[in-house]
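Using the sequences and the hints given, assemble the complete structure.
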Amino acid sequence: MILHPGVISLIIGSGIVLLLVMFASALGIKITRGWDIKSSSEEQLSFERKTYLISTLVQYALSFEILSIFLFIYTAEDIHTLLVGAMCATGSLNANSFGFPTLYVKVVAFFVSAAWIAINHLDNKAQDYPLIKIKYRLLIAVLAILIIEFILQLQYFLRINPNVITSCCGVMFSEKGKGLVSSLTAAPILPAEILFYSLLGIMIANGIAVHKTQKKSFTYLFSIFSFIFFIASVIAIISFISLYFYQLPTHHCPFDILQKEYYYAGYPLYAALFTGSFFGMMIGIIEPFKKIASMTPIILQAQRRWALYAIIGLIVFALIASAPMILLPFKLY
Amino acid sequence: MALEKHRNILDYTLQALLRRKFKNIGIILVFTFVIFMLSSILFLSYSLRQEAHLILQDSPEIVVQKMRAGRHELIPINLEKDIRKIPGVSSTEPRYWGYYYDSGAKANYTILGIGTAILKNNRLLNGRMPLPHEKNVAAIGRGIADVRIIKKDIGSTLYLQAADGRWMNFNIIGIFESDSEIITSDLIIISEDDFKILNNMPEGMATDLIVHVSNETEIPTVAKKVKEQFPDSRPILRDEIIRTYDAVFGWRSGLIITLFTGALIAFIILAWDKATGLSAEEKQEIGILKAIGWETSDVLEMKFWEGLVISLTSFISGLILAYVHIFFLGASLFAPALKGWSVIYPDFKLTPFIDFYQIATLTAITIVPYIASTIIPSWKASITDPDTVMRG
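If you read the protein sequences in the order shown, they are chains E and Z. Position 34 of the first sequence, counted from 1, bears residue number 34 in my numbering, the numbering being contiguous throughout. If you want my numbering, it's the position in the second sequence, counting the first as 1, plus 1000.
No lab work stands behind these hints: they were computed from the structure. Mixed in with the good hints there might be a few duds.
What follows is a set of in silico ranges between Cβ atoms, one per label pair, in the way DEER data are often shown [unchecked claim]: (1) Z/A1016 to E/A293: 52 to 58 Å; (2) Z/L1056 to E/I231: 38 to 44 Å; (3) Z/I1288 to E/I315: 25 to 31 Å; (4) Z/L1014 to E/E48: 29 to 35 Å; (5) Z/I1320 to E/K215: 53 to 59 Å; (6) Z/F1328 to E/P188: 51 to 57 Å; (7) Z/S1332 to E/Y263: 31 to 37 Å.
Ideal Cβ positions, reconstructed from N, Cα and C, are used throughout, including at glycine.
Listed below in structure tokens is the structure:
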């Protein structure tokens, strides 16, 4: 299974990214050990210079992470023909127990490295690098996630056995099956829709509140809601949004919307969802940094701006998700 | 405005790249070549796969072969009756086909004795097909027409040696058009009766049986029942054939790409080396930039743009070259490795088939390692102290 162009590129790419982040973390640990902002020694100067290298390396890792999520889904899609019974990416990911965990870890890796870059961005704005220790500790977490991702991905591709009968998306995302995903698709659609849109309403109201006041209670709440909303949206995509895109009352696959047949609608949809939820969650995560004197104005400004980004992301997401419901003739009830 | 700043840095980068044309053209040429090679492999294997899919779409759902001692044998036609009784089977048909080695041309032909079914499908034929019981006529592929020493065309005669040593002559009444070469290049179609005489085939036997199943989900069940009723048979499913093709093309292209990683690594070392070995002039330039107020991050950004410009230029020109190579020039460089070896080569034009996935794969194999190899050298360049370099 290893000798497939997509698999080769994923493994080479992840390997390179892992090496770069490993190097960056090693530098990070060295920097946190000897960091002294007040010192004007040559060592301190070289540390300050190395921070640039670390942020470039992580930024690079993040951009590969984004590419890699899609490449991974695409590869899964591409190898489904090799597996008996698999009819799309879902079938291939189910071929062994490493498929879906790899995808989840990739999503987590995306969020964590994006968070690192956001925090790094804030830290660079302050004159005295107040977040430097937190930043480089977080970098070790990024490294750990990337290592897990690399191992899972390698295991997934090594263990794919082209003859195992797997369940395809028609089985897994159909209402008859057992397990969490099936129970999601079986959820009655109208309550799910009401839940989704009311959650969206709360999110937007909360976002506007954060944009206006940046009060502690609002920001934490917004963060929590963003997280819930992200999960709820993925559920909503499986449970009813996808139905309107496919115009089929039985097809619940969250990956097929990325395909040409559906005009690549999945890309802007997921991009908007990821951006919106990411900025939403970051607002609460950076709240504790407000206590640091040199950070307060920066954080306040960031929260105001990010709340706006989050709202825009979520509205765009909701618009794309709702467009087929409103514009296309397909109706579920 | 923040955007204006990035635009200005990009502008400066382009100017700087143009000033050092020759150094960068070297990199771009080598990079283009690497990308050209890799994307040619990908494009070719994907369009061959696509082609196989298209052809196999119309192939029968199940082919039943008889096995003896693990080898394929002639199948008695009367099995048809029993197979047709299996629920879900819509029709069955015997097939007569085989290979013919032509020692004159040193080539293998595929010979097909036709029943009724193929008669409808003659859109690609110039002339006509033999009728099922018509004697001494044949329709041949363009490849055979060309490989025989005297050019054969409609109206001339094709001689084939029968199993008993006699020579049989066939009037050529049809030639397949070149559009269908991938299927028909080495094909000779004669009537069922002639096929039996040519190969001395016993009555009541066929090469294999094809079984049509209307409902796709029933195919595995039907195949299982055939296997249970006739344990000495081998049902081959269409899906299995498609899967095998996919695996073979995926594996072959993967293998070639793996072989090419050597070239890729060599290129990355070259890129690393070029990026590390800043000339005194370049160092001075960065020193001056920093002295006039550029920050480390600005220099890094400039280096980022530089990498992006170089890799995108090479990427796009590599892709275009590969596209031309595969889809207009018939993949002359790699075809032998991916297609297999047969003397009569179908000389076909592939249908262009490119998608996001191939581009993303190529990006991950080429641009990602390139940029990765230039990060550390760029950073080293960007932290240059203005006074040290300007002092020389």
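Against the structure shown, which of the earlier numbered hints fail to hold, in ascending order? Structure breaks hints 1 and 3.
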